[in-house]
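Undergrad: Need the complex rebuilt from these two chains, each delivered in its own frame; the hints are there to steer you.
Taken in sequence, the protein lines are chains A and B. Mapping the first sequence onto the working numbering, position 172 (from 1) lands on 172, and the numbers just tick up by one. Mapping the second sequence onto the working numbering, position 54 (from 1) lands on 54, and the numbers just tick up by one.
None of these hints come from the bench; they were simulated from the model. Be aware that a few hints might be false.
As the list claims (entries may be wrong) - Result set (SDA-like, lysine to any residue): computed pairs, CA atoms no more than 25 Å apart in a straight line: (1) A/LYS267 / B/ASP176; (2) A/LYS267 / B/LEU66; (3) A/LYS267 / B/SER102; (4) A/LYS267 / B/ALA177; (5) A/LYS267 / B/LEU113; (6) A/LYS267 / B/ARG180; (7) A/LYS156 / B/LEU66; (8) B/LYS118 / A/TRP260; (9) B/LYS118 / A/TRP261; (10) A/LYS267 / B/LEU145; (11) A/LYS267 / B/GLY148; (12) A/LYS267 / B/LYS226; (13) B/LYS118 / A/ARG174; (14) B/LYS118 / A/SER164; (15) A/LYS267 / B/ASN139; (16) A/LYS156 / B/GLY148; (17) A/LYS267 / B/GLN15; (18) B/LYS196 / A/TRP260; (19) B/LYS226 / B/GLN253; (20) A/LYS156 / B/ARG192; (21) B/LYS118 / A/ARG268; (22) B/LYS196 / A/LYS267; (23) A/LYS156 / B/SER102; (24) A/LYS267 / B/GLN93.
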Amino acid sequence: MSSNRPRVGVLGMIKGFSFSWLPSLLIILALLALWEGYVRIFDVQKWLLPSPVVIAATLVESAALLSRHAWVTLVEVLVGFGLALASGVALASMIAFSRTLERAIYPFVIASQTIPIIAVAPLLLIWIGYGLAPKVIVVALIAFFPIVVNMVDGLKSADPDMVSLMRTLGANRRDIFMKVQFPSSLPFLFSGTKIAMTFSVIGAVIGEWVGSSAGLGYLMIRSKPQFLTERVFAAIVVLSAMGILLFLFVGLVERLVIPWWHTERRKRALENSG
Amino acid sequence: MNAEAAESSIQPAIQVQGVSKSFMQSGTPLAVLKGVDFYASDGELVSVIGPSGCGKSTLLNIIAGLDQPSEGSISLNGRVEERRLGEVGYMQQRDLLMPWRSVLDNAIIGLELQGVSKSEAHARARALLEEFGLTGFENEYPHALSGGMRQRAAFLRTVLADQEVFLLDEPFGALDALTRSQIQEWLLGMWRRVQKTIVLVTHDVDEAIFLSDRVYVMSSRPGRMKLVQVIDLARPRHAEMVTQPRFVELKAQLLASVRSEVTDV
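Chain B extracted, bound-state conformation (with noise of 0.2 Å):
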């Protein structure tokens, strides 16, 4: 390994630095984002909770490029990118599985932009479907498939599309307990085995805790990191953790961090 590389390897993969955000609201500016810091190490799922309206998606909107700060600079690996797009994967509340193509070729998206022939994507997919619980579905159309389902193909969709880091903007907000917490551990062992960096935004402090390796709390609008919480629970993670003692520190922690926004409102 040359110099560059070591260097390179202990920065983070995605750092954040005092970015700040305005729309223009009649007339008014509207300050959404002030002086937000972050990062997340490479390989590190971190999770940032927040009241509702205080910026998250504004926030992941930025990080991925689809829009700019008005303030801040965000670096992938150490050096400050100002176009994002296509170097930040971003998986949305909504799956947006196209209603056009079958599961495969909604998977493969990615790697067809990237100009991977159609065969090479298909056996690159085909080869992951077992492991996201879609052998035999990979020729239906999205719609008939079971929510949890839809989820699961859009992070093979992601997956495929091998950006370095992943953000998530409450994937699982769209479905039932039971099937939540379920591609919760689904997740954690699949990003064991990618070893990607992920961020994922949530406003459950449970699902927070349960997955992350920290925590950021964000104030409510305009948003900026209030508090960040080292999640110390041993991994792999399984779901009788919940009721352990520093689980349910963490979460006194968090929750109290949270609930002094919501108030202040």
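Looking at chain A on its own, in the form it has when it is part of the complex (with noise of 0.2 Å):
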């Protein structure tokens, strides 16, 4: 009995995988197959809703169109994402440090969700311009508050016992904050961080639409007067493309900072089970 972790291999892994993903991609095929055959059958015009063949034309062709608007807005994504993550994890710890603070810090991170973040954009874009900083800054609103907030349950969710014999090992306010409640938090951070990782793509396109020169959103807005409906399209298709890849690396990076949280949760549902 030199180890009882469970051991999967490569093939076992991408047999896990094409298993669970084939329903979703079954689902995807039919309705694709029912929209393109909806199209043909009553002849609809392309402006109107082209098919799924003439959007997958339209990414071969305007790939370099596509991927130079997709390169602007990932990068108002992953820099407002960033920010958020930054300044959502400061804010938490604050939060979560002092209750002086929480009192302080919390009503003004609650309030800043019940702004319309599409009113506010506009000005934004009065007061900063158009370019980076106004769609970076659209992208850290949205994105910072599932950050703060699932942190702060996290660093709340540290066990007291683990609290209390860290105390009696010696340690100081600043040791357990960092050896146990920040640990911790991890996993709540790391749920946080997929829902901001989506909303922050939602973010850079309400960015883009209020006003910009450039960015999937901005491609969207140019293409929809021209009746190029199926650029529109295609901007959507590379647009969720990214929000996938992007929460999926999320994902993947989580595996790695807290491996022991998927084995334990594992583990868990194995003791439910039997």
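TA: Laid out in structure tokens, this is it:
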């Protein structure tokens, strides 16, 4: 009994992956087939509703254009998300560290989410102008909330007995924060981060709609009045692909940073079912 | 040896004097401990048994410094200590291993807090792995370990922190009977080697007799020490001793004392 850790080979992982993704893949294919059939049978105009085949062709033909604009949006998403992550973790740490700071800061964190971003975005345009900065701010404003709320819950979820143990070992407040509270909060932080990552993509598009000269949101706004509906759809496909990939990337980072969380959760699931 | 050292060597490692504690419960004070007196000499293994809810855990929390008594004092090596956090090792019933740390990193947490370098701490922990039956598991996360191994890892953490007194709050409570009796014998071996003062809280009379030099019986709430019994069984102790006449006699006495408390409630 050198180790009772479950070992899954590469082959097993691929098998598990394809098996778990097969149902959703089948649903997508069925929906696309229905869509294609509908457009062909009723001869729907391309500017009204382009068929999946037309959209796919646009994706290939306009690959250079789409990737140029996608890059702009991606940079906005990543910079804004990075800002949200840094400020979110800092705010959550302050809130969890002191009751006074919690009372002082938390109402503003919540209030920030009641302000419609769509109303603030044009103001940012007036104050800061076009370019990267206003989009990054919109992204950060949308993305920081799930990070802060989840991380505060995580920091407070630390096992009180574990905190007591640390105190009897001579730990000070900072030790307890760094060695118990912070690690305890990581699974929560990653849950918030996954939500924040998908919100970030939406934030970037909103920012671009309000005023920009590049990015997938800008491309959509420009293509619509030209009745290039297939290009709008192509931009949407690229956007959701970006969102899904970023989401999966966060999941990958999570597995690398808190490997113990997944194995522990799997073990608990096994115990509950057994 | 100078006079001062000689003086301190005859002081009990831990002395609890007249400790009372009450908590406010919906506006009225609830007395949990009332005038608790007890001591443990240097290198002694003392057990405290009593009915559930008699305030055993409150007493340990106070000794460890997590809580302060409403009245009374706690002395360590003959000196009254107001702030005991960091001075007394406290092992609770739950192993409290951190799921994000490997067994080895869990074991060295006390040394880490004392500022010992990581490599030095790891070396000290590795040297004890075999005695604690953890060889080959040092890099595993705690959830990969059995209950008995987790408890031994928690012991390793306590031993490495190297505080003068160890408080053990029902450390074997969650283990099955077989693992329990094995780990009891193992604990005695380890205790003889490290020569620490141990205060063990348990509700198991057999366990208390088998392990201890002296056994205190606590009354029901508000808790105080109502009886102290010297366990005059030879050491080293063996599992077969539990059927010897003297063991049975001691058990009958202690059980009678504990039972009278339970029926009083």
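Undergrad: Take the hints in turn and mark each one as holding or not.
TA: Consistency of the hints with the structure:
1. A hinted pair counts as satisfied when its Cα atoms are at most 25 Å apart, and A/LYS267 with B/ASP176 qualifies at roughly 20 Å.
2. A C-alpha spacing of about 33 Å is found between A/LYS267 and B/LEU66, which places the hinted pair above 25 Å, so the restraint is violated.
3. Straight-line distance between C-alpha atoms of A/LYS267 and B/SER102 comes to about 16 Å, which keeps the hinted pair within the 25 Å bound.
4. For the hint pairing A/LYS267 with B/ALA177, the CA-to-CA distance comes to about 24 Å; that is within 25 Å, so the pair holds.
5. Using a Cα cut-off of 25 Å, the hinted pair A/LYS267 and B/LEU113 is violated, with the two alpha carbons roughly 30 Å apart.
6. The straight-line distance between the Cα atoms of A/LYS267 and B/ARG180 is roughly 24 Å, inside the 25 Å bound, and the hint therefore holds.
7. Distance restraint check for A/LYS156 and B/LEU66: the Cα-Cα separation of roughly 19 Å lies within the 25 Å cut-off, and the hinted pair is therefore satisfied.
8. For the proposed pair B/LYS118 and A/TRP260, the alpha carbon gap of about 21 Å is at most 25 Å, so the pair holds.
9. This hinted pair checks out: B/LYS118 and A/TRP261 have alpha carbons roughly 24 Å apart, not beyond 25 Å.
10. Distance hint between A/LYS267 and B/LEU145 is fulfilled; the C-alpha atoms sit about 11 Å from each other, no more than 25 Å.
11. With a CA separation close to 17 Å, the supplied pair A/LYS267 and B/GLY148 stays within the 25 Å bound.
12. Restraint check: the Cα-Cα separation between A/LYS267 and B/LYS226 comes to about 45 Å, which exceeds 25 Å; the hinted pair is violated.
13. This hinted pair checks out: B/LYS118 and A/ARG174 have alpha carbons roughly 18 Å apart, not beyond 25 Å.
14. Between B/LYS118 and A/SER164 the alpha-carbon distance is near 23 Å, which keeps this suggested pair within the 25 Å criterion.
15. Our distance criterion of 25 Å between C-alpha atoms is met by A/LYS267 and B/ASN139, whose separation comes to about 18 Å.
16. Straight-line distance between C-alpha atoms of A/LYS156 and B/GLY148 comes to about 29 Å, which puts the hinted pair past the 25 Å bound.
17. Between A/LYS267 and B/GLN15 the alpha-carbon distance is near 44 Å, which puts this suggested pair outside the 25 Å criterion.
18. For the suggested pair B/LYS196 and A/TRP260, the alpha carbons sit about 34 Å apart, so the restraint of at most 25 Å is broken.
19. Under the criterion of a C-alpha separation no larger than 25 Å, the hint pairing B/LYS226 with B/GLN253 is consistent with the structure, at around 13 Å.
20. Between the alpha carbons of A/LYS156 and B/ARG192 the distance comes to roughly 40 Å, so the proposed pair goes past 25 Å and is violated.
21. A threshold of 25 Å between alpha carbons decides the hint, and for B/LYS118 with A/ARG268 the separation of about 31 Å lies outside it, so the pair is violated.
22. Proximity of B/LYS196 to A/LYS267 is assessed by CA-CA distance (about 36 Å); at most 25 Å being required, the pair is judged violated.
23. Between A/LYS156 and B/SER102, the direct Cα distance comes to roughly 23 Å. Compliance with the 25 Å bound is thereby established for this hinted pair.
24. Distance restraint check for A/LYS267 and B/GLN93: the Cα-Cα separation of roughly 21 Å lies within the 25 Å cut-off, and the hinted pair is therefore satisfied.
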